[in-house]
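Q: Listed below are the residues making up each chain.
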Amino acid sequence: AQSVAQPEDQVNVAEGNPLTVKCTYSVSGNPYLFWYVQYPNRGLQFLLKYITGDNLVKGSYGFEAEFNKSQTSFHLKKPSALVSDSALYFCAVRDKAIVSGNTGKLIFGQGTTLQVKP
Amino acid sequence: ETGVTQSPTHLIKTRGQQVTLRCSSQSGHNTVSWYQQALGQGPQFIFQYYREEENGRGNFPPRFSGLQFPNYSSELNVNALELDDSALYLCASSPRAAGSGGTQYFGPGTRLLVL
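Protein chains in written order, with the numbering used here: chain Y, 76 to 193; chain B, -6 to 108.
Calculated directly from the structure, the hints in this document are not laboratory data. For every residue, glycine included, the Cβ atom is placed at its ideal position computed from N, Cα and C. Keep in mind that a hint or two might mislead.
To be verified - Here are some chain B residues the structure puts well away from chain Y; computed CB gaps all over 12 Å:
id, residue
1, Leu4
2, Lys6
3, Thr7
4, Arg15
5, Ser20
6, Pro55
7, Arg56
8, Ser58
9, Leu60
10, Ser66
11, Glu68
12, Asn70
13, Asn72
14, Ser79
Unchecked claim - Examples of chain Y residues toward chain B, derived with CB under 10 Å:
id, residue
15, Tyr111
16, Gly179
17, Gln185
Let's have the full structure, built from the sequences with the hints guiding it.
A: If you want it as structure tokens, here you go:
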């Protein structure tokens, strides 16, 4: 069965320091991996995705993620954290490859709260 | 902000009632997925609609049903509401082209409270 694990409920970093939010996955075949961010009382905002190609993926707001097939990980990173990055972050995997017009369901981790302190 | 809209934003119902939630997809998107996000949890897939037909369903009972209309907007209906149905309901739309990577763009959600 497909699954996603986010081992940390909360990550605390100081503003200006680098941040990492961890994600590991279990999926048969080639994974399609996503990161979303959720601010209080809001829906999910898409940050970035890995489909194929370069293992380092760059996304919105200066975030990037590195796909590591051998470690089945897709950790989210940012070189310099901002207080405004404080939010709930979700890693997700799609359960099957695209068939024309079908996008497949997303399987989400439990989420990691990022707290950036001034 | 995405072009996905949902209504209403908040809703309070009592156990046993029925509820209808609505979603308008982003322009150019023909696929709509619905998710339930309980407090402190990640979203759980309910079902997906593509070209007005159900295209995949998660582990939810039949009292969760849906529709998609010719303009690709969608409804989620829940009958015989239970207390555990209290959650944030998220709608996501995605574009047609396979080359887009099938990214799902989420609306702001409807928060349902069942008393």
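Q: Hint by hint, say whether it matches the structure.
A: Taking the hints in turn, this is what the structure says about them:
1. Leu4: holds (14 Å)
2. Lys6: holds (19 Å)
3. Thr7: Thr7 (chain B) clear of chain Y: closest Cβ-Cβ about 23 Å, beyond 12 Å.
4. Arg15: Label holds. Min Cβ-Cβ 14 Å, cutoff 12 Å.
5. Ser20: holds (16 Å)
6. Pro55: holds (18 Å)
7. Arg56: holds (20 Å)
8. Ser58: Holds, since 17 Å exceeds 12 Å.
9. Leu60: Consistent with the label, Leu60 (chain B) stays out of reach of chain Y, its closest Cβ about 18 Å off (over 12 Å).
10. Ser66: holds (16 Å)
11. Glu68: Per Cβ check, Glu68 (chain B) is outside 12 Å of chain Y; nearest 17 Å; holds.
12. Asn70: Label holds. Min Cβ-Cβ 19 Å, cutoff 12 Å.
13. Asn72: holds (22 Å)
14. Ser79: Consistent with the label, Ser79 (chain B) stays out of reach of chain Y, its closest Cβ about 15 Å off (over 12 Å).
15. Tyr111: holds (7 Å)
16. Gly179: Given a least distance of 7 Å, the restraint on Gly179 (chain Y) holds.
17. Gln185: holds (5 Å)
Violated hints: none; the structure is consistent with every hint.
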